[in-house]
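There are 2 protein chains.
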Amino acid sequence: MSMDKLIQKIAALQNPTVAGLDPKLSYIPAHIRAQSYEKYGKTLEGAADALLTFNRGLIDALWDVTPAVKPQAAYYELYGWPGVRALAETIAYAKSRGMYVITDGKRNDIGATMEAYAAAHLGVTDVEGETLEAFGADALTVNGYLGTDGIAPLVQVCAARDKGIFVLAKTSNPSSGELQDQALASGETVYRAMGQRCEEWGRALPGQYGYSGVGAVVGATYPAQLAELRRALPHTFFLVPGYGAQGGGAEDVAPAFDENGLGAVVNSSRGILCAWQKENCPGEEYAQAARREAIRMRDEITARIGKIVLPD
Amino acid sequence: MSMDKLIQKIAALQNPTVAGLDPKLSYIPAHIRAQSYEKYGKTLEGAADALLTFNRGLIDALWDVTPAVKPQAAYYELYGWPGVRALAETIAYAKSRGMYVITDGKRNDIGATMEAYAAAHLGVTDVEGETLEAFGADALTVNGYLGTDGIAPLVQVCAARDKGIFVLAKTSNPSSGELQDQALASGETVYRAMGQRCEEWGRALPGQYGYSGVGAVVGATYPAQLAELRRALPHTFFLVPGYGAQGGGAEDVAPAFDENGLGAVVNSSRGILCAWQKENCPGEEYAQAARREAIRMRDEITARIGKIVLPD
Numbered sequence: 000m001s002m003d004k005l006i007q008k009i010a011a012l013q014n015p016t017v018a019g020l021d022p023k024l025s026y027i028p029a030h031i032r033a034q035s036y037e038k039y040g041k042t043l044e045g046a047a048d049a050l051l052t053f054n055r056g057l058i059d060a061l062w063d064v065t066p067a068v069k070p071q072a073a074y075y076e077l078y079g080w081p082g083v084r085a086l087a088e089t090i091a092y093a094k095s096r097g098m099y100v101i102t103d104g105k106r107n108d109i110g111a112t113m114e115a116y117a118a119a120h121l122g123v124t125d126v127e128g129e130t131l132e133a134f135g136a137d138a139l140t141v142n143g144y145l146g147t148d149g150i151a152p153l154v155q156v157c158a159a160r161d162k163g164i165f166v167l168a169k170t171s172n173p174s175s176g177e178l179q180d181q182a183l184a185s186g187e188t189v190y191r192a193m194g195q196r197c198e199e200w201g202r203a204l205p206g207q208y209g210y211s212g213v214g215a216v217v218g219a220t221y222p223a224q225l226a227e228l229r230r231a232l233p234h235t236f237f238l239v240p241g242y243g244a245q246g247g248g249a250e251d252v253a254p255a256f257d258e259n260g261l262g263a264v265v266n267s268s269r270g271i272l273c274a275w276q277k278e279n280c281p282g283e284e285y286a287q288a289a290r291r292e293a294i295r296m297r298d299e300i301t302a303r304i305g306k307i308v309l310p311d
Numbered sequence: 000m001s002m003d004k005l006i007q008k009i010a011a012l013q014n015p016t017v018a019g020l021d022p023k024l025s026y027i028p029a030h031i032r033a034q035s036y037e038k039y040g041k042t043l044e045g046a047a048d049a050l051l052t053f054n055r056g057l058i059d060a061l062w063d064v065t066p067a068v069k070p071q072a073a074y075y076e077l078y079g080w081p082g083v084r085a086l087a088e089t090i091a092y093a094k095s096r097g098m099y100v101i102t103d104g105k106r107n108d109i110g111a112t113m114e115a116y117a118a119a120h121l122g123v124t125d126v127e128g129e130t131l132e133a134f135g136a137d138a139l140t141v142n143g144y145l146g147t148d149g150i151a152p153l154v155q156v157c158a159a160r161d162k163g164i165f166v167l168a169k170t171s172n173p174s175s176g177e178l179q180d181q182a183l184a185s186g187e188t189v190y191r192a193m194g195q196r197c198e199e200w201g202r203a204l205p206g207q208y209g210y211s212g213v214g215a216v217v218g219a220t221y222p223a224q225l226a227e228l229r230r231a232l233p234h235t236f237f238l239v240p241g242y243g244a245q246g247g248g249a250e251d252v253a254p255a256f257d258e259n260g261l262g263a264v265v266n267s268s269r270g271i272l273c274a275w276q277k278e279n280c281p282g283e284e285y286a287q288a289a290r291r292e293a294i295r296m297r298d299e300i301t302a303r304i305g306k307i308v309l310p311d
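Same order as they appear, the protein sequences are chains A and B. With numbering that gives the first Met the number 0, letter number 237 in the first sequence gets 236, and the count goes up by one each step, no holes. With numbering that gives the first Met the number 0, letter number 38 in the second sequence gets 37, and the count goes up by one each step, no holes.
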């Protein structure tokens, strides 16, 4: 099922990374913003147009280096419905270039409401017999606080349409331990228990490389927990945030990988989006700078984990 | 701070309930859908137009009975960006009729990303010095799995703009106990610990009636836990789902209230939206049927809890 597509792309490009498309206006070169404001004014539409143009340039520069993009829904909702339209158009454009798309929405709800989220982001929407795609990502990040009622509707859509989910287990932020590190009466931590649930939920979505369609989010900023969960959750693919701007390096993410160099996809957002600013290069070269940083990140991580091999 | 506005509206209307605007196409009378499809076809735009027309009729019928509406984001995302535009327009319309609006998005993230969600749903969006409102709700439901890093950005926006949040504590669904009922090493359950965090986070947002701007979601389907949390969390206002279609009744929600009849707002979605179908009345009368059900629900709950009094 679904993680297979991601795994195949990772192996084909020999690159276990994902570019986080979290475009703040301040990351976007002035010439792109000026063009958008000329068309639409300094409005939500104008900002959304700038986001989309910026993203398209990034995707054009990254598609043959980086297997996946991960747009973060919050940065699109910030610009209202025009921003959300830019999200849908970003997803469509990345897919048209053959990239795997993970919508980072951390959605969570139950029953019919979770069915609606699942259909919206991974499935199809029925309008009186017409079958339409609302957002059409390949995978979605989700929050498992509500238990199986919140995950089962996603698993159904994943099974029907070869999609995947990543459930928050151990997040990369400083306060993630407030709840996630607490020990349950069983002795297990909350993040470990959530990881175990991913293994269980994933049984309905087995993959040909050993990883199910139910992945987990585990932060690069906690390498010991990353190593612990890699050992404990052999069928759960990891989405690893926290590399780069949040402080994680190649050493920190290495424990997320198995002996084939599989098991995880490492995200970088600001490092790639803001490479042109960090390099102090002209805004017109933002996409080339992003590509250079994506290649640098790929090489740094693959130097550490070695060749990525698809098991038989 | 912000819960005060909700509390004042509840007292003014003597009605501690909120109408959940979770519009599925199958809840919408045929004449409304036909008009929208004539204009926009059987498309996402057509469905979104039907949602908005349906919601406006409900708001016109409910605004002087029910203090608040709670649109559930999933049902709008299901129709892509046109659906999300209908969400924004529903919020604006409800506010124009003086209703308090709780966006049910269960959003969660950290740092700059949570700042973006907070600005999008409760705050303002800056586009090169232009200050715009993306969605403009009065309150937002959120998920606290990521800890304080995910809540602090919301608290800042709530303080600056007199808004509120409701953090998931004990949800109404059957599997909510998988994580939420587990005992931590401290002996406390996860839902109780999350409730305690609401009390702590709320200290930055004190209210004039004793309730802070940080509320909690506690389901009507678990009356014992509702009573336990009411006693344990004296400054935390509750948003109570699970009344009606999910099985909770007036007896079940009564423990959510304090001696002044305050402390909670009870949600009904399907009961109100589908009243016309349950009553077997013509689709043209869906709004009047919704109003009848909203009044019935108000009377059922207030008969149980008595007059709602604003403490000095």
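Treat the hints loosely; a few may be bogus.
It does not matter which identical chain is meant; a pair holds if it fits inside one copy or across any two.
[What the hints assert, rightly or not] Below, simulated SDA-like cross-link-like pairs (lysine to any residue); rule was C-alpha separation at most 20 Å, straight line:
{"id": "1", "residue 1": "LYS23", "residue 2": "ASP298"}
{"id": "2", "residue 1": "LYS23", "residue 2": "GLN181"}
{"id": "3", "residue 1": "LYS23", "residue 2": "GLY110"}
{"id": "4", "residue 1": "LYS38", "residue 2": "LEU131"}
{"id": "5", "residue 1": "LYS23", "residue 2": "PRO233"}
{"id": "6", "residue 1": "LYS23", "residue 2": "ALA111"}
{"id": "7", "residue 1": "LYS4", "residue 2": "TYR92"}
{"id": "8", "residue 1": "LYS41", "residue 2": "ALA223"}
{"id": "9", "residue 1": "LYS8", "residue 2": "THR147"}
{"id": "10", "residue 1": "LYS4", "residue 2": "ALA223"}
{"id": "11", "residue 1": "LYS8", "residue 2": "ALA192"}
{"id": "12", "residue 1": "LYS41", "residue 2": "PRO310"}
{"id": "13", "residue 1": "LYS38", "residue 2": "THR130"}
{"id": "14", "residue 1": "LYS4", "residue 2": "GLY146"}
{"id": "15", "residue 1": "LYS23", "residue 2": "THR130"}
{"id": "16", "residue 1": "LYS8", "residue 2": "ASP311"}
{"id": "17", "residue 1": "LYS306", "residue 2": "GLU88"}
{"id": "18", "residue 1": "LYS41", "residue 2": "VAL123"}
{"id": "19", "residue 1": "LYS4", "residue 2": "GLY270"}
{"id": "20", "residue 1": "LYS41", "residue 2": "GLU127"}
{"id": "21", "residue 1": "LYS8", "residue 2": "ASP63"}
{"id": "22", "residue 1": "LYS41", "residue 2": "GLU129"}
{"id": "23", "residue 1": "LYS38", "residue 2": "VAL123"}
{"id": "24", "residue 1": "LYS94", "residue 2": "ASP3"}
{"id": "25", "residue 1": "LYS8", "residue 2": "GLY40"}
{"id": "26", "residue 1": "LYS38", "residue 2": "SER25"}
These are calculated hints, taken from the structure and not from any lab test. Keep in mind the model is a prediction, meaning the values are calculated, not measured.
Hint check results:
Within a single copy, LYS23 and ASP298 get their C-alpha atoms no closer than 27 Å, and across copies no closer than 48 Å, so neither meets the 20 Å cut-off. For a Cα distance limit of 20 Å, the shortest separation of LYS23 from GLN181 qualifies neither inside one copy, at 34 Å, nor across copies, at 39 Å. When the C-alpha separation of LYS23 and GLY110 is checked against a cutoff of 20 Å, the pair qualifies only between copies, where the shortest distance is 13 Å, while the shortest distance within a copy is 34 Å. Within a single copy, LYS38 and LEU131 get their C-alpha atoms only as close as 29 Å, which misses the 20 Å cut-off; across copies the closest is 18 Å, which meets it.
Taking CA atoms no more than 20 Å apart as the test, LYS23 paired with PRO233 passes in neither setting, with 36 Å inside one copy and 39 Å between copies. In this assembly of identical chains, LYS23 and ALA111 lie within 20 Å of each other by CA distance solely across copies; the values are 10 Å between and 33 Å within a copy. Proximity of LYS4 to TYR92 under the C-alpha cut-off of 20 Å is restricted to the intra-copy arrangement: shortest distance 18 Å within a copy versus 43 Å between copies. Taking the closest pair of Cα atoms, LYS41 and ALA223 never come within 20 Å of each other, the shortest separation being 46 Å inside a single copy and 52 Å across copies.
Taking the shortest alpha-carbon separations for LYS8 and THR147, neither the intra-copy value of 30 Å nor the inter-copy value of 36 Å comes in at or below 20 Å. Taking the shortest alpha-carbon separations for LYS4 and ALA223, neither the intra-copy value of 28 Å nor the inter-copy value of 46 Å comes in at or below 20 Å. With identical chains, the CA atoms of LYS8 and ALA192 are never at most 20 Å apart, being 30 Å at best within one copy and 42 Å at best between copies. Proximity of LYS41 to PRO310 under the C-alpha cut-off of 20 Å is found in neither arrangement, the shortest distances being 52 Å within a copy and 46 Å between copies.
Taking the shortest alpha-carbon separations for LYS38 and THR130, only the inter-copy value of 19 Å comes in at or below 20 Å, while the best intra-copy value is 33 Å. For a Cα distance limit of 20 Å, the shortest separation of LYS4 from GLY146 qualifies neither inside one copy, at 27 Å, nor across copies, at 33 Å. In this assembly of identical chains, LYS23 and THR130 lie within 20 Å of each other by CA distance solely across copies; the values are 15 Å between and 33 Å within a copy. Taking CA atoms no more than 20 Å apart as the test, LYS8 paired with ASP311 passes inside one copy only; the shortest distance there is 16 Å, against 64 Å between copies.
Proximity of LYS306 to GLU88 under the C-alpha cut-off of 20 Å is found in neither arrangement, the shortest distances being 34 Å within a copy and 52 Å between copies. For a Cα distance limit of 20 Å, the shortest separation of LYS41 from VAL123 across copies, 14 Å, qualifies, whereas the shortest one inside one copy, 34 Å, does not. In the homo-oligomer, the alpha carbons of LYS4 and GLY270 never lie at most 20 Å apart, since the shortest distance is 25 Å inside one protomer and 42 Å across protomers. In this assembly of identical chains, LYS41 and GLU127 lie within 20 Å of each other by CA distance solely across copies; the values are 7 Å between and 38 Å within a copy.
For a Cα distance limit of 20 Å, the shortest separation of LYS8 from ASP63 inside one copy, 10 Å, qualifies, whereas the shortest one across copies, 56 Å, does not. Taking the shortest alpha-carbon separations for LYS41 and GLU129, only the inter-copy value of 7 Å comes in at or below 20 Å, while the best intra-copy value is 36 Å. Taking identical chains as interchangeable, the C-alpha atoms of LYS38 and VAL123 are never at most 20 Å apart, the minima being 32 Å within one chain and 22 Å between chains. Taking CA atoms no more than 20 Å apart as the test, LYS94 paired with ASP3 passes inside one copy only; the shortest distance there is 16 Å, against 46 Å between copies.
When the C-alpha separation of LYS8 and GLY40 is checked against a cutoff of 20 Å, the pair qualifies neither within a copy, at 39 Å, nor between copies, at 38 Å. Only within a single protomer do LYS38 and SER25 lie at most 20 Å apart by alpha-carbon distance; the minimum there is 19 Å, versus 39 Å between protomers.
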